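There are 2 protein chains.
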Amino acid sequence: MKYMPFRFEVVKKDRTSQARLGWICTEHGEITTPVFMPVGTQASVKSLTPEDLLDLKAEIILCNVYHLYLRPGHEVIKKLGGLHRFMHWELPILTDSGGFQVYSLSNLNKVVNEGVEFQSHLDGSRHFLTPQMAIEIQEALNSDIMMCLDECIPYPASYDYALSALVRTTAWAQKCKETKSKDTQALFGIVQGGMYADLRERSAREIIEVGFDGYALGGVSVGETKALMYEMIDATIPCLPGDKPRYIMGVGTPADLVRCVGSGIDMFDCVLPTRNARNGMLFTSSGKVIIKNARHAEESIPVDEHCDCYTCRNYSRAYLRHLYMAGEILSARLNTIHNLHFYFTLMKEMREAIHEDRFAAFSAAFLQSEENYNENET
Amino acid sequence: MKYMPFRFEVVKKDRTSQARLGWICTEHGEITTPVFMPVGTQASVKSLTPEDLLDLKAEIILCNVYHLYLRPGHEVIKKLGGLHRFMHWELPILTDSGGFQVYSLSNLNKVVNEGVEFQSHLDGSRHFLTPQMAIEIQEALNSDIMMCLDECIPYPASYDYALSALVRTTAWAQKCKETKSKDTQALFGIVQGGMYADLRERSAREIIEVGFDGYALGGVSVGETKALMYEMIDATIPCLPGDKPRYIMGVGTPADLVRCVGSGIDMFDCVLPTRNARNGMLFTSSGKVIIKNARHAEESIPVDEHCDCYTCRNYSRAYLRHLYMAGEILSARLNTIHNLHFYFTLMKEMREAIHEDRFAAFSAAFLQSEENYNENET
Numbered sequence: 001m002k003y004m005p006f007r008f009e010v011v012k013k014d015r016t017s018q019a020r021l022g023w024i025c026t027e028h029g030e031i032t033t034p035v036f037m038p039v040g041t042q043a044s045v046k047s048l049t050p051e052d053l054l055d056l057k058a059e060i061i062l063c064n065v066y067h068l069y070l071r072p073g074h075e076v077i078k079k080l081g082g083l084h085r086f087m088h089w090e091l092p093i094l095t096d097s098g099g100f101q102v103y104s105l106s107n108l109n110k111v112v113n114e115g116v117e118f119q120s121h122l123d124g125s126r127h128f129l130t131p132q133m134a135i136e137i138q139e140a141l142n143s144d145i146m147m148c149l150d151e152c153i154p155y156p157a158s159y160d161y162a163l164s165a166l167v168r169t170t171a172w173a174q175k176c177k178e179t180k181s182k183d184t185q186a187l188f189g190i191v192q193g194g195m196y197a198d199l200r201e202r203s204a205r206e207i208i209e210v211g212f213d214g215y216a217l218g219g220v221s222v223g224e225t226k227a228l229m230y231e232m233i234d235a236t237i238p239c240l241p242g243d244k245p246r247y248i249m250g251v252g253t254p255a256d257l258v259r260c261v262g263s264g265i266d267m268f269d270c271v272l273p274t275r276n277a278r279n280g281m282l283f284t285s286s287g288k289v290i291i292k293n294a295r296h297a298e299e300s301i302p303v304d305e306h307c308d309c310y311t312c313r314n315y316s317r318a319y320l321r322h323l324y325m326a327g328e329i330l331s332a333r334l335n336t337i338h339n340l341h342f343y344f345t346l347m348k349e350m351r352e353a354i355h356e357d358r359f360a361a362f363s364a365a366f367l368q369s370e371e372n373y374n375e376n377e378t
Numbered sequence: 001m002k003y004m005p006f007r008f009e010v011v012k013k014d015r016t017s018q019a020r021l022g023w024i025c026t027e028h029g030e031i032t033t034p035v036f037m038p039v040g041t042q043a044s045v046k047s048l049t050p051e052d053l054l055d056l057k058a059e060i061i062l063c064n065v066y067h068l069y070l071r072p073g074h075e076v077i078k079k080l081g082g083l084h085r086f087m088h089w090e091l092p093i094l095t096d097s098g099g100f101q102v103y104s105l106s107n108l109n110k111v112v113n114e115g116v117e118f119q120s121h122l123d124g125s126r127h128f129l130t131p132q133m134a135i136e137i138q139e140a141l142n143s144d145i146m147m148c149l150d151e152c153i154p155y156p157a158s159y160d161y162a163l164s165a166l167v168r169t170t171a172w173a174q175k176c177k178e179t180k181s182k183d184t185q186a187l188f189g190i191v192q193g194g195m196y197a198d199l200r201e202r203s204a205r206e207i208i209e210v211g212f213d214g215y216a217l218g219g220v221s222v223g224e225t226k227a228l229m230y231e232m233i234d235a236t237i238p239c240l241p242g243d244k245p246r247y248i249m250g251v252g253t254p255a256d257l258v259r260c261v262g263s264g265i266d267m268f269d270c271v272l273p274t275r276n277a278r279n280g281m282l283f284t285s286s287g288k289v290i291i292k293n294a295r296h297a298e299e300s301i302p303v304d305e306h307c308d309c310y311t312c313r314n315y316s317r318a319y320l321r322h323l324y325m326a327g328e329i330l331s332a333r334l335n336t337i338h339n340l341h342f343y344f345t346l347m348k349e350m351r352e353a354i355h356e357d358r359f360a361a362f363s364a365a366f367l368q369s370e371e372n373y374n375e376n377e378t
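From first to last, the protein sequence lines are chains D and U.
First residue of the first sequence? That's 1 in this note's numbering, and the numbers climb one at a time after it.
First residue of the second sequence? That's 1 in this note's numbering, and the numbers climb one at a time after it.
Be aware that one or more of the hints could be misleading.
To be verified - Straight-line Cα separation of at most 20 angstroms, PhoX-like style, residue types lysine-lysine; simulated pairs: (1) Lys180/D <-> Lys244/D; (2) Lys78/U <-> Lys182/U; (3) Lys79/D <-> Lys292/U; (4) Lys13/D <-> Lys244/D; (5) Lys292/D <-> Lys79/U; (6) Lys244/D <-> Lys12/D.
To be verified - Quick look at which bits of chain D chain U covers, simulated, 3 or more residues with Cβ under 8 angstroms: (7) 35 to 46; (8) 70 to 77; (9) 80 to 87; (10) 287 to 301; (11) 316 to 322.
Hints are computed from structural coordinates only; laboratory data are not their basis.
Fair warning: this is a prediction, and the values are worked out from it, not measured in the lab.
Don't be surprised by glycine CBs; every beta carbon is placed ideally from N, CA and C.
If we strip away everything but chain D, and leave its shape as in the complex, we get (with noise of 0.2 angstroms):
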């Protein structure tokens, strides 16, 4: 089955907040915002098989272009029917520029105005990133939601350093969509600005006239306090435009989501509830379960009692605990399951609050319990 290409509907907007209830369609298939993207960082999301993924109604994966480029190459993945053949997963995946990556992970990166020579975590190897090498690789893949080459700056910058990285975004959104050359793969902009009110509606004005099937926030949660992370997105929400999707990249925690909903924000990826799952961390409806903990040693109950996520329905904590203490691979995996289960959820009951013009009321109860919650971590 093909579907259209990409295409992006407001199907409905809540009458208490700025959520919205959208619908997505790329070539792989259909999508319901606002949606949560697991990550599947190298081609897998980490210990589940795509199956896994179809049973928590997954419907899209990010995947990383700086790990598929260093490892095993996009030309590879290309030769071997793209992406999606690659994995075995045939909804919908969104890959990332490589961007993120380039300036968080590798050595000696540095950014010049035709791109970015970094050195490769992995064995050392030189290579030099362009905003037109960025969409060639993402082409490669054949990705349903391509993102452009951004300069990632760290926190905190200053005002002068974070207007020369929105320059630039802007110059390599442009040299993106004019490399791009296939109708199948949207291209998503990328808003910059640092921690700068005035270049975060900037740098939207910019990349809104450029022009792209969605735009995305960027260069949040890069280590400032959450109320300056909230102050740039307010501030470049209302510069958006309504009619295509907005997407925050790498948020965050489940009261994150609830916030970001709340403002409008379609789509999230975080490597958090995988991350976490894999540490031990399980996300509750009353509060996080640390599974190591020695109280949880002899419990028969599952880690959520309100839960009926595959692990809830089959173990109990002290197996989690077991499986956790002994190191065995299952551990990761009945944790991954849980966690994102709790992810899936989360964004189901938003989708339906905002059906039903309830998303205020549903998100000060959220967020008040998420108070109760990190006073009440076991």
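Start from chain D and add chain U according to the hints.
Same frame as chain D, now just chain U:
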């Protein structure tokens, strides 16, 4: 559904060899022999869920008393409803007695007539394991088939050492039998005797004299040559009663399984398919595949084009190599599924050959292809 207490029937004897088809009934289900039991050392067949094992048509798994006694502790598992419930595996479980691991994994083990003192490989704590305890632990776990505590000796070992271990093993077998308190769990005796045929015969006579639900060959595959191992097997089997299951512990390669089935062995366990899977060594109908080898980097074919396992149906060698090189958890799982499928398929083919009175021909053809196989590592 509750099954009958332990029963074993020889269903069919092959007319061309000593191979036989059998049926075992336990409280948790039925088993068709010859059977291969995947190893779930710490209450988990590494990287797989019980549902994965059911998909593979596993009928029984093995768990290790040594590990479960140390962590999480058999009393914890008993409180949580026994091992089946703890690990969410509803079919039969065989537990070993802890003996082999005490000798192979722990430090400073010291055998006396009452039992064996050892230090935990986890934290150096001191423990004393007696034959009575070995049964009490296995009864707490509520496995379907328990094993007697035996004294395992290294290879090579002197005749006198082998003899003294044999004598102790018989005395411990008697104590294990006397300790056993539940009809729902079967108990197997273990034949020792080192690499001395006359001691193997004597051990078999003594263990049979005590009388068990089944008989195992212990102390093989401990560093001796294949020729010597088969010599010991051939010395032991004729001493064992035909109406009880015969189990060879810790064996073996695909060729070992074929040869042993031809000698009349009914049950096998080995970490080889699962451990090798995690190390990237895959069994195929045309030789071993070492998945990290560069030649697989761009191969779009499955591991084995004649295999219909989940892994071969859905993934290329190139993807499996990528997962392995990238250290992805999914690598262990996909490889384990493939290797266990290979072992289970081999067992099924052997059962069919026995059923059709052509085991000798099957065995000859298989062992011939095995020789090519060893020359054909890829």
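Hints and how they fare:
1. In summary, the hint linking Lys180/D to Lys244/D is supported, as the alpha carbons are separated by about 19 angstroms, within the 20 angstroms threshold.
2. A distance of roughly 15 angstroms separates the Cα atoms of Lys78/U and Lys182/U; the hinted pair therefore holds under the 20 angstroms criterion.
3. Annotation: proposed proximity of Lys79/D to Lys292/U holds, straight-line Cα distance about 19 angstroms (limit 20 angstroms).
4. Straight-line distance between C-alpha atoms of Lys13/D and Lys244/D comes to about 14 angstroms, which keeps the hinted pair within the 20 angstroms bound.
5. Between Lys292/D and Lys79/U the alpha-carbon distance is near 19 angstroms, which keeps this suggested pair within the 20 angstroms criterion.
6. Of the pairs offered as hints, the one joining Lys244/D and Lys12/D holds, with about 14 angstroms between alpha carbons and a cut-off of 20 angstroms not exceeded.
7. Closer than 8 angstroms: that is the beta-carbon criterion, and the segment 35 to 46 of chain D has 4 residues meeting it against chain U, so the requirement of 3 holds.
8. Counting residues of the segment 70 to 77 of chain D whose CB lies closer than 8 angstroms to any CB of chain U gives 3, so the stated coverage by that chain holds, three being the minimum.
9. Look at the segment 80 to 87 of chain D against chain U: 4 of its residues bring a Cβ nearer than 8 angstroms to a Cβ of that chain, three or more, so the hint holds.
10. For the segment 287 to 301 of chain D, the assignment as covered by chain U holds, since 3 residues bring a beta-carbon within under 8 angstroms of that chain's beta-carbons and 3 suffice.
11. Beta-carbon proximity to chain U at under 8 angstroms applies to 5 residues in the segment 316 to 322 of chain D; the threshold of 3 is reached and the given coverage holds.
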